[in-house]
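*Asks:* Numbering (our numbering), first residue to last: 68 to 347.
Just so you know, these hints were derived from the structure itself, not from any lab.
On a predicted model such as this, the values are computed, not experimentally measured, just so you know.
Backbone N, C-alpha and C define an ideal beta-carbon position, used for all residues, glycine too.
Hints may contain errors.
[What the hints assert, rightly or not] Using C-beta positions, here's what the derived DEER-type ranges look like: (1) Lys116 - Glu90: 25 to 31 Å; (2) Gly235 - Phe292: 14 to 20 Å; (3) Leu91 - Arg296: 35 to 41 Å; (4) Gln300 - Asn218: 24 to 30 Å.
[As the list claims (entries may be wrong)] Below, simulated DSS-like cross-link-like pairs (lysine-lysine); rule was C-alpha separation at most 30 Å, straight line: (5) Lys116 - Lys244; (6) Lys333 - Lys112; (7) Lys329 - Lys99; (8) Lys255 - Lys344; (9) Lys305 - Lys184; (10) Lys319 - Lys244; (11) Lys112 - Lys344; (12) Lys99 - Lys305; (13) Lys159 - Lys255; (14) Lys340 - Lys255; (15) Lys344 - Lys184; (16) Lys164 - Lys344; (17) Lys184 - Lys244; (18) Lys94 - Lys333; (19) Lys340 - Lys329; (20) Lys305 - Lys319; (21) Lys139 - Lys116; (22) Lys332 - Lys344; (23) Lys329 - Lys164; (24) Lys184 - Lys112; (25) Lys112 - Lys94; (26) Lys250 - Lys94; (27) Lys305 - Lys329; (28) Lys159 - Lys184; (29) Lys94 - Lys337; (30) Lys305 - Lys112.
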Amino acid sequence: MKPKNELENQGEWAETHPFIPDELWVKCPACKNMILTSDLEDNLKVCSKCGHHFRINARYRINITVDEDSFKEMDADLVSENILDFPEYTRKLKTSKMSSGENESVICGTAEIEGSKTVLCVMDSSFMMGSMGTVTGEKITRAFEYATENNLPVVVFTVSGGARMQEGILSLMQMAKTSGAVKRHSDKGLLYITVLTDPTTGGVTASFAMEGDIILAEPKALIGFAGPRVIEQTIRQKLPKDFQTAEFLLEKGFVDAVVNRKDMKKTLSKLLKLHSKEGI
68 MKPKNELENQ GEWAETHPFI PDELWVKCPA CKNMILTSDL EDNLKVCSKC GHHFRINARY
128 RINITVDEDS FKEMDADLVS ENILDFPEYT RKLKTSKMSS GENESVICGT AEIEGSKTVL
188 CVMDSSFMMG SMGTVTGEKI TRAFEYATEN NLPVVVFTVS GGARMQEGIL SLMQMAKTSG
248 AVKRHSDKGL LYITVLTDPT TGGVTASFAM EGDIILAEPK ALIGFAGPRV IEQTIRQKLP
308 KDFQTAEFLL EKGFVDAVVN RKDMKKTLSK LLKLHSKEGI
């Protein structure tokens with residue numbers, strides 16, 4: 068790659084300071100260390116120095132979680148529309164589709180995790196911060212209904228800023244809609260596992276994210292309903308250190324386990340096999 072400034076590769080300075088493109092390095096937001104991009108990719112986008120879990124898109128997460136070529140997507144053609152004629156919403160939807168490469172903030176389908184068949188839903192923060200609109204709720208609901216009809220477990224990876232305000236009350240209705248589908252799935256005695264990733268907040272936390280039979284989380288993930296600043300202003304008290312982190316929720320009993328990304332596939336596989344008829 069050519070240097071941005073050609074003068075940098077000339078003279079005595081260039082002999083002792085070889086040019087390194089910015090694209091080769093990533094700065095960890097937690098420990099501030101510089102990491103080789105190739106090393107970060109090899110480590111599943113987890114900082115090798117401090118263990119910070121970088122945010123990843125839904126397709127990447129699917130690739131590192133399920134068996135090769137086992138994922139079959141469902142309802143990929145469902146797209147959001149500006150049903151309330153909210154100002155600028157049409158443009159934002161178009162921008163989100165272009166930047167994320169997805170039609171919506173969640174990808175649903177069937178897959179196998181080390182041989183165990185399951186229904187998988189993975190939310191994507193690159194599409195309007197994983198906000199839950201009507202189509203997001205519809206896709207998740209359909210995924211649960213398919214799992215219920217076919218006696219399959221469900222695994223959901225959550226990441227969300229909450230309800231999508233551009234769809235008003237219709238967005239908030241998705242909390243009840245998805246929860247109803249989860250209840251029908253549960254009534255049939257089927258397993259539901261949620262994996263909370265950074266950040267999981269708002270209406271997603273207040274509905275299907277916290278309704279799993281087993282709730283896992285990635286290290287240091289932000290999990291909550293309202294933000295810490297809003298809570299402090301409401302209760303007029305200083306919040307505890309690491310409030311709303313996965314580790315804090317684990318201590319308080321809201322999360323069953325905090326699992327490193329490199330161990331997630333193996334952990335999910337073990338849980339799915341433990342709760343299957345065949346067992347391990």
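*Asks:* Run every hint past the structure and note whether it holds.
*Replies:* Hints, one by one, checked against the model:
Our hint of 25 to 31 Å for Lys116 and Glu90 is violated, since their Cβ atoms are close to 20 Å apart. The hinted window of 14 to 20 Å between Gly235 and Phe292 holds, with their beta carbons roughly 19 Å apart. Look at Leu91 against Arg296: about 36 Å separates their beta carbons, and that is inside 35 to 41 Å. Roughly 47 Å separates the CB atoms of Gln300 and Asn218, a value that falls outside the hinted 24 to 30 Å.
Pair hint Lys116 plus Lys244 does not hold up; C-alpha atoms about 42 Å apart against a cutoff of 30 Å. As the CA atoms of Lys333 and Lys112 are separated by approximately 17 Å, the hinted pair is consistent with the 30 Å bound. At most 30 Å may separate the alpha-carbon atoms for a hinted pair to count; Lys329 and Lys99 meet this at roughly 22 Å. Under the criterion of a C-alpha separation no larger than 30 Å, the hint pairing Lys255 with Lys344 is consistent with the structure, at around 14 Å.
For the given pair, Lys305 sits about 45 Å from Lys184 by alpha-carbon distance, which is inconsistent with the 30 Å threshold. The suggested pairing of Lys319 with Lys244 holds, with an alpha-carbon distance near 28 Å, which does not exceed 30 Å. Of the pairs offered as hints, the one joining Lys112 and Lys344 is violated, with about 35 Å between alpha carbons and a cut-off of 30 Å exceeded. A hinted pair counts as satisfied when its Cα atoms are at most 30 Å apart, and Lys99 with Lys305 qualifies at roughly 27 Å.
Note on Lys159 and Lys255: the hinted pairing is violated, with a Cα-Cα distance of about 39 Å set against a maximum of 30 Å. The hinted pair formed by Lys340 and Lys255 meets the criterion: a straight-line CA distance of about 18 Å does not exceed 30 Å. Proposed proximity of Lys344 and Lys184 is supported: the alpha carbons are some 12 Å apart, at most 30 Å. Restraint check for Lys164 and Lys344: not satisfied, since their Cα atoms lie roughly 40 Å apart, outside the 30 Å limit.
Straight-line distance between C-alpha atoms of Lys184 and Lys244 comes to about 25 Å, which keeps the hinted pair within the 30 Å bound. Only pairs whose Cα atoms come within 30 Å are accepted, and Lys94 paired with Lys333 is accepted, the gap being roughly 29 Å. Straight-line distance between C-alpha atoms of Lys340 and Lys329 comes to about 19 Å, which keeps the hinted pair within the 30 Å bound. For the hint pairing Lys305 with Lys319, the CA-to-CA distance comes to about 18 Å; that is within 30 Å, so the pair holds.
Between Lys139 and Lys116 the CA atoms are separated by roughly 36 Å; this puts the pair beyond 30 Å, and the hint is violated. Note on Lys332 and Lys344: the hinted pairing holds, with a Cα-Cα distance of about 20 Å set against a maximum of 30 Å. Of the pairs offered as hints, the one joining Lys329 and Lys164 holds, with about 29 Å between alpha carbons and a cut-off of 30 Å not exceeded. The suggested pairing of Lys184 with Lys112 holds, with an alpha-carbon distance near 26 Å, which does not exceed 30 Å.
Between Lys112 and Lys94, the direct Cα distance comes to roughly 12 Å. Compliance with the 30 Å bound is thereby established for this hinted pair. With a C-alpha separation of about 43 Å, the suggested pairing of Lys250 with Lys94 is violated against the 30 Å cut-off. The hinted pair formed by Lys305 and Lys329 fails the criterion: a straight-line CA distance of about 35 Å is larger than 30 Å. Between the alpha carbons of Lys159 and Lys184 the distance comes to roughly 36 Å, so the proposed pair goes past 30 Å and is violated.
About 34 Å separates the Cα atoms of Lys94 and Lys337, which puts this hinted pair outside 30 Å; it is violated. Proposed proximity of Lys305 and Lys112 is contradicted: the alpha carbons are some 33 Å apart, above 30 Å.
Of the numbered hints listed earlier, those contradicted by the structure are 1, 4, 5, 9, 11, 13, 16, 21, 26, 27, 28, 29 and 30.
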